[in-house]
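Visitor: Hey, can you work out the whole structure from these sequences and the hints?
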Amino acid sequence: MGKRHEWSEAWQIAAVYVGTVIGAGFATGREIIEFFTRYGMAGTIGVAVSGVLFTWGGARLMVMARRIGAASYDELNRYLFGRMLSPFVTLVMTAMIAGVTAVMIAGAGAVFEEQIGWPRQAGVTLTLGLALLVMLFDRKGLFGVNVFVAPMMVLFSAIAFVKTIVAGDLCRPDMAAVDYSLKAMLSPFSYAAFNLAMAQAVLVPIAREATDERAVRRGAMLGGMVLTVLLLLNHMVLLSFPHKDDYDIPMAEVVHTFFTVLYWLYVVVIYGEIFTSVIGGMFGLARQVRVWAPLGGKWLGVLLVLLFAAVSPFHYGELLSFIYPLFGYMSLVLLWLLWRRQLPRR
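Residue 506 is where the sequence shown starts when you use this note's numbering, and the numbers rise one by one after that.
Everything labelled a hint here was simulated from the structure, so no lab data went into it.
A virtual CB, placed ideally from N, CA and C, is assigned to each residue, including glycine.
Just so you know, not all the hints are guaranteed correct.
What the hints assert, rightly or not - Calculated pairs, SDA-like style, for lysine to any residue (alpha carbon to alpha carbon, straight line, at most 20 Å):
no. : residue 1 : residue 2
1   : Lys508    : Arg719
2   : Lys688    : Phe827
3   : Lys668    : Ala547
4   : Lys508    : Pro747
5   : Lys668    : Tyr584
6   : Lys508    : Leu767
7   : Lys688    : Ala547
8   : Lys688    : Lys508
9   : Lys688    : Ile828
10  : Lys668    : Met657
11  : Lys688    : Met835
12  : Lys668    : Ile828
13  : Lys668    : Val554
14  : Lys688    : Gly545
What the hints assert, rightly or not - Label-pair restraints from in silico Cβ distances:
no. : residue 1 : residue 2 : range
15  : Gly622    : Gly587    : 45 to 55 Å
16  : Thr762    : Arg851    : 45 to 55 Å
17  : Pro624    : Leu590    : 16 to 26 Å
18  : Leu770    : Ala600    : 30 to 40 Å
19  : Val659    : Val766    : 12 to 22 Å
Guide: Written out as structure tokens, the structure is:
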């Protein structure tokens, strides 16, 4: 395989990695506030720690999955947790992925309700319909959506950061607040662990289907570095915004406050990022369900859409504040085992 194709595939993998992690919580800013910004400058240190874990953990997870030939996260769990514990872990993880995907769908509804003024259910219905359409294209649909949306999020985060500096609002008094509590110290580890646990539903099959291990490793490391930069930019912007706790979609309000001319385009990008994670979650769930039951792709897509339609009435902000930290602490074991388990030989 030529170097050009290898790097092209690496960037595709990186885009999927970034697009999967940047979901409803990250893109809207709520997740960053919950895990980092609420701790002030201590949260900035936490961003750096999480960035290292994303870069190292993503590469290790994907290479490990590829070397054992894992087709789904169930097979990777078998290697990490052992045959006795893995069925229970996979069941819990499937419930976690389903729960987070439900949060993301609720996030799509929140974008429509808070930013556009449409009924929340209209956003949920549109998202589920589009998700079903993309799932019919399987892996090609997953790559196509992420390769377009992820670079747009990077661009807008950079623009928001620069605009905050130009406006002279970057170093607000909020930044002086420091919280070095145990919860603040654990936050970057639980955040990275949670997102790696959720992303493995997508990353494991992607790693197996890649043409070369070097492309997988490079893609994971590129994705981890991009995530670190995005986390830092958005965290610093939110740290400078005094009304961040008043909104479900604080990043959209930041854009609305600092440069209204790009506001609607940014809302579209936020929705696009939420949508990529909905697709990622449903893609991973579909792959796992096929291991348990021989369902066709179209029928499985319809079944998942109906399932998430049933849980869509729940409110986005409340779901995120409860589910994300809980799942983060539960996922710390995965991070520890990624470190402890040896990489299989090629």
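Visitor: Tell me, which hint numbers fail for this structure?
Guide: 3, 4, 5, 6, 8, 12, 13 and 17
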